[in-house]
Structures are given as structure tokens and as C-alpha cells.
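Chains as they are written, first to last, in our numbering: chain A, 1 to 334; chain B, 1 to 290.
Keep in mind the hints are simulated off the structure, nothing from the lab.
All values reported here derive from a predicted model rather than from experimental measurement.
Cβ coordinates follow ideal geometry from the N, Cα and C atoms, glycine included.
One should not assume that every hint holds.
To be verified - Below 25 Å or equal to it, Euclidean Cα-Cα: the simulated DMTMM-like pairs (lysine to aspartate or glutamate) are:
#1 A:2 x A:333
#2 A:13 x A:327
#3 B:275 x B:171
#4 A:13 x A:196
#5 B:86 x A:206
#6 A:322 x A:27
#7 A:322 x A:6
#8 B:86 x A:313
#9 B:275 x A:208
#10 B:86 x A:208
#11 A:5 x A:331
#12 A:5 x A:333
Unchecked claim - Here are some chain B residues pointing at chain A (derived, C-beta under 8 Å):
#13 84
#14 90
#15 105
#16 227
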Amino acid sequence: MKRRKERIDRGIKARSEDIFALSSFREMAYLLLPRALPVLGLLCFIPLLSAYWREVFISTATYALLAISWDMLICAGLVSLGQSLFYGIGSYIAGILNHYWHWSPLLTIPAATLTGGLLCTILLLPVLRLRGIYFAMVTLVLPLMLGRLVEATRILGGTEGLTGLDPFPSQLTAFYVVQLGLLATLFGFRRIIGSDYGLIIRGINDNDRSVMSAGLNIYWYKAQVLFMGASVGSFTGAVGTHLDMFAGMPGFSLDYSIMPVAAAVVGGMGTFAGPVLGAFILVPMSEILRALGALRIVFYGLFLVIFVTALPEGLFHYIQRKYHQFERWVEVEK
Amino acid sequence: MFLGSLIYGFINSAILALLAMGFNLTFGISGVANFAYGAIYILSGFLCWICINSLGLPYLLCVLLSILCAVAVGILVYYLIILRVKGLALSEVMATFGLGLAIMELFRYFGFVGFRYTLPVFFDGSISIGEVFVDYQRLIIALSAMGLTAFIFIFTRYTRIGLAFRAIAQDERTALTFGIDSDFIGALSMAFGSGLGAIAAIVILPLGTIAVEGGYEVLINALAVCIVGGLGSTVGILVASVVIGFAQTFTANYLEPHWMILVSLIAIAAVLAIKPSGLFSHQKELEERI
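Work out the full structure, taking the sequences as your base and the hints as a guide.
In C-alpha cells form, the structure reads like this:
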């Protein structure tokens, strides 16, 4: 007797997909709860924790933002192994504006977000024609080399970096800036990818040539995606700079490249919520494992290997499936 | 000064070619970008050090052991990890990258950091060419780079396995119809790539210390050479390493040493702007450029 697993959409999923979602509170709750609960928890519950854990969740959110930006690039088929490029450039721009011209964080963060996004897009523009691992290789090399360039030429403070930058007025302000940025990006990007415009982007990932033959300029779309991803990364860098009151070479370190990839792979690629989930698992966990020191990166690396080879769909896809569908064993028909 | 720059430029080119060869071989044959390459390089260096200093084995045995270990690691990585995600370029890159990271950081965790981690040179001493002193180790590097290039050239043209390598590289499906097992050849390509990495480590590492950061540097250098030369092309690798190697040495000697890092950056940028798939890569040009 051979059996197979059958997956069927729950009735409530079919009902709540359309205007009928408004027919009852149950359908509305089905749609709203998975979105509202994490948001409420993030904005209302976590601020009640101790200052130390608030700090942890601030850094969690920065990694989550970087992971989302990574995920945006993945949607267009661009594999980046160098999110630290975005982070580093954003942090240096905010640092320069604050250090030399004494702009307040209120201005440096938006400025760094936009100019950082633009600068990274221009830097990576020649590479956009490359696909897959070629793009990955260049993105891996670029931030490491920029870091070495700063070290070698001693510009922008060299190895010392730019120190004594303005901090946020309070920890709670920083917390809300990061979390609101995270939520806006998360829901904004999900909306963008769900729209017709997002269809083109996903089309580029699935089959770029057919998108080209539809008369669309895929490089223009890729550049736009890159700009969106890079802006989010630069925003993270700018916020991180003001948090640490420091902009320097560590911004280009491998930490900011590997962590988002690990988070996205663990959480589930291409969903934006998955990478956030991954970051909210991995970063607090690494905080608990802080005693292990350098061994943390070993764990990230192994997580990456295990999830990529054994659980390629990631956690979020799994949870989503369980929420929307039920499974049962059926006999295989002869 | 000029003669010195020429000679050291040549040696620098040889180092770059040695570093890039293994990475390029694996990629050229099985299409797997082995981002754990730097880790394997460091791994074989440390293994050799452990064999010499902790186990007290004779040097030649240590060299052989560490090369064999690297080969074994390559085969294991292929069968345990890469084979499961074969064909998914993204997953291959992330899995090997994660593995490389884990290996290198593991060494850092176990305290393999410092100046005492050095490998001995093969022969002590130096000779003078004109007025330039060159130590034997650097000569050996240049010789082994040339020797390995010749070996690869002959191997891929005149042996059955070498021809199978090229067949798989050109068209996997057609190669399958000729009875070539693509998984086995892929594993062999990983083994060869890792072995070449280990040889590079043993020849090059005596010049400095074995450091975890060196692993990242090796990967970066290998990638830079491969990007400029065009992945999968042995000629491209040689030309690229000569160009970058001489450019680096001349920059270091005539401008300032810390501008050296700019050379590969500019080379990468220029090549990407003009010919994104690299100088000598025609085989897979269409796929790369979309």
C-alpha cells in the first residue's frame, strides 16, 4: 500500500483571499493576526524589556533590515555576498556628514539612505549584466577591498575611523527608528513584490530572457531593485553609525555580509518575512551564545550549510504552508 | 630597481597564478564555485604545521599528508554538500561559503593566531640575478607555478580523465552519452582543485605566517584573477595573473606599497566595464552576460 501526502488549502484561506474576507471577523482575524501580532509584540512588548535586551533587539532589527535588502536583490536573481558594502557606505556617509559638517542624525540618516543607495547602485552598475555567482563574487570582493583601501590610503580616519559622532537622543528613540524602518521596509517590499511591478522583478529571476523578449529593459529594473536594496542597507549603516557613535572599517566586515545571508536562508528566501524571522532567531541566539566568541561565526556558517542542503525552503515557507493548508495521507491510486 | 621589479613581478604573478589555479580548475570543469577554497588553503597549511610541530613527522611526509587531506576534504565536500544542491548556483555558493567560514573561524577559535605558525622553507639561502637577491623559496614558487601549468595542460589533453574533464566542461549532457559519469568527474574536479590549493599553500606559506585572514585574502585574490581572466580559462588565468602581478609589483615599487590593493580593484572594474565575462572566456560567454 503506497501512500502519499496530499495538501489542500484550508477553506478559510480560499474565503479570505477576496473581498469575502470582510464577511466575518473570523476571516479578518485569519488575515490580520499573523501580521498584527508580531508588529504589536515588536512595538509594545519588547520596549518593556531591560535596556540590554532592547539593545539586542536593535541590532537584531539592523540585521533583519540587511537580510530584507538581501532578499530584495534575490527577488531579481542577484546573489549578493557583500551586504557590508551597503552597510559600510551608508555608515561612512552618515559619519562624514556628521563628523565634518555636524549635521544632526535627523538629516544624516535620510541623506545617507538616498546617497548611499545611489552610490552603491552606481558602483555595482557595471556588474549588473553578470548573473549568479559572477555577481556574487564581485559583491564579495568589493567591500573587503574598500575596507583595505581605507586602511591603505588612511582617508576618512583610516583604521581609527570617524569617532565621536552624535548618538540618538535616547535608546528608545533609536529602538523605534530601527523598528519602524524595519516594519515599513518589510510591508513596503512585500507590497511592491506583490504588485505588477514586482511580477516583472520576479520574472527576471525566473527567466530573464523571456522578460527581455517582452520588450522590457531588465537592466533598468535590476538597477531599480539594486537601488531599493542598497538604500535599505545604507539606512541600516547610517543608523548603526549613530548607535555606535563611530564609522569605520568594521562597517565593511564580513559580519554584515554573512549574517543577513544566514538569516534569509534560515528564514526562507523571497518572502521578506522569512529573513526577518531568521534574524530574530539567529541574532538573539548568538547573543545567548556570546560566551562562545569566535565560535558564533562557525555556527552561522554551519547553519548556512545545513539549511541550504537539508531545508532549502526555510522556516517561513514551512510555517506558511502549515497555516494555509492541511495535509493528509491518501492512498496512491492504481 | 627595474630588474628587481621585473623579477619580483614575475614571482608575484606566479603566486597569483598558483592561488587561482585550483579555484579555476574546479569551476571550469564542474561549474562549482568553491568559495571554501580559501579555507582549504588555510586548512592544509595548518595541517602541515600540526604534522611538523605537534606530531614531529618528517617534512616531506607532512606535505604529502596535508595534500591528501585537502583532496579528501574536497571529495567529501562534493559528495556531502555540493551534490545535493548541484546546479543551483546560489545554493552552491552559499553552502561552500558557509563551510569555508566555519572552517576558518574554527581555527581562529582554537587559537591558531600568531607569528609562530610558519612553515619551513624548502631550501635556505638565496641567489643573485644581476644585482637582485632572490631566495630559493621564491624560485621554487615560480618553478612550481610553471610546472603545475604544464601539468594541467598535458593532463587535460593527453589522459582519459583529463579529456573527460574537458568533455564535462564543454557539454555535460553530451559527455553523459559517452559514458562519462559527471558526478564522479565533478568530485575529481573538487579533489584536484583542493589539491592544487594545498600545493599552493605549502609552496607559498613559507614566505609569511599562516593566518586565518590569509584564507580570505587567498579567496579574494583567486576571485580577482578569475574575474579578470575569465572563469574556466587557463590561458586567461595566466594572462590575468601576469597583468595583475606585474602591475601590483610596479605600483608597490614606484608608487607606494599601500596602493597595491587598488590594482586588482581597478583591474576588476575595467574588465567588468569592457568585457564582463573576463578577458579570455568565450566558452560560456552567453550564459554569463545574459
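Handout entry: Proposed proximity, residue 6 of chain A with residue 322 of chain A (alpha carbon, max 25 Å)
Key = Distance ~13 Å between residue 322 of chain A and residue 6 of chain A Cα, so the pair holds.
Problem - Hint consistency between residue 322 of chain A and residue 27 of chain A [alpha-carbon to alpha-carbon, up to 25 Å] - result: Holds, at about 17 Å.
Problem - Restraint status (C-alpha distance of residue 86 of chain B to residue 313 of chain A at most 25 Å) - result: Since the Cα atoms of residue 86 of chain B and residue 313 of chain A sit roughly 16 Å apart, the hinted pair holds (cutoff 25 Å).
Exercise for the section: Verify the proposed pairing of residue 5 of chain A with residue 333 of chain A, using a straight-line Cα cut of 25 Å. Expected result: Given that 25 Å is the threshold and the Cα spacing comes to 13 Å, the pair holds.
Exercise for the section: Starting from residue 275 of chain B, check that the Cα of residue 171 of chain B is at most 25 Å away, please. Expected result: holds, 23 Å
Exercise for the section: Sort out whether residue 327 of chain A lies within 25 Å of residue 13 of chain A, counting only the CA atoms. Expected result: holds, 14 Å
Handout entry: 25 Å Cα cutoff - pair residue 86 of chain B, residue 206 of chain A
Key = Holds, at roughly 18 Å.
Practice task
May I ask you to test the interface hint for residue 227 of chain B with respect to chain A, counting a Cβ-Cβ separation under 8 Å as satisfied?
Solution key: holds, 6 Å
Problem - Restraint check for residue 2 of chain A with residue 333 of chain A, where alpha carbons must lie at most 25 Å apart - result: holds, 9 Å
Handout entry: chain A contact restraint on residue 105 of chain B - CB to CB distance below 8 Å
Key = holds, 4 Å
Exercise for the section: Starting from residue 13 of chain A, check that the Cα of residue 196 of chain A is at most 25 Å away, please. Expected result: Measuring from Cα to Cα gives roughly 22 Å; hence the hint holds.
Practice task
Take a quick look at whether residue 5 of chain A and residue 331 of chain A sit within 25 Å of each other, Cα to Cα.
Solution key: Holds - the C-alpha atoms of residue 331 of chain A and residue 5 of chain A are around 9 Å apart, at most 25 Å.
Violated hints are absent here; each numbered hint is respected by the structure.
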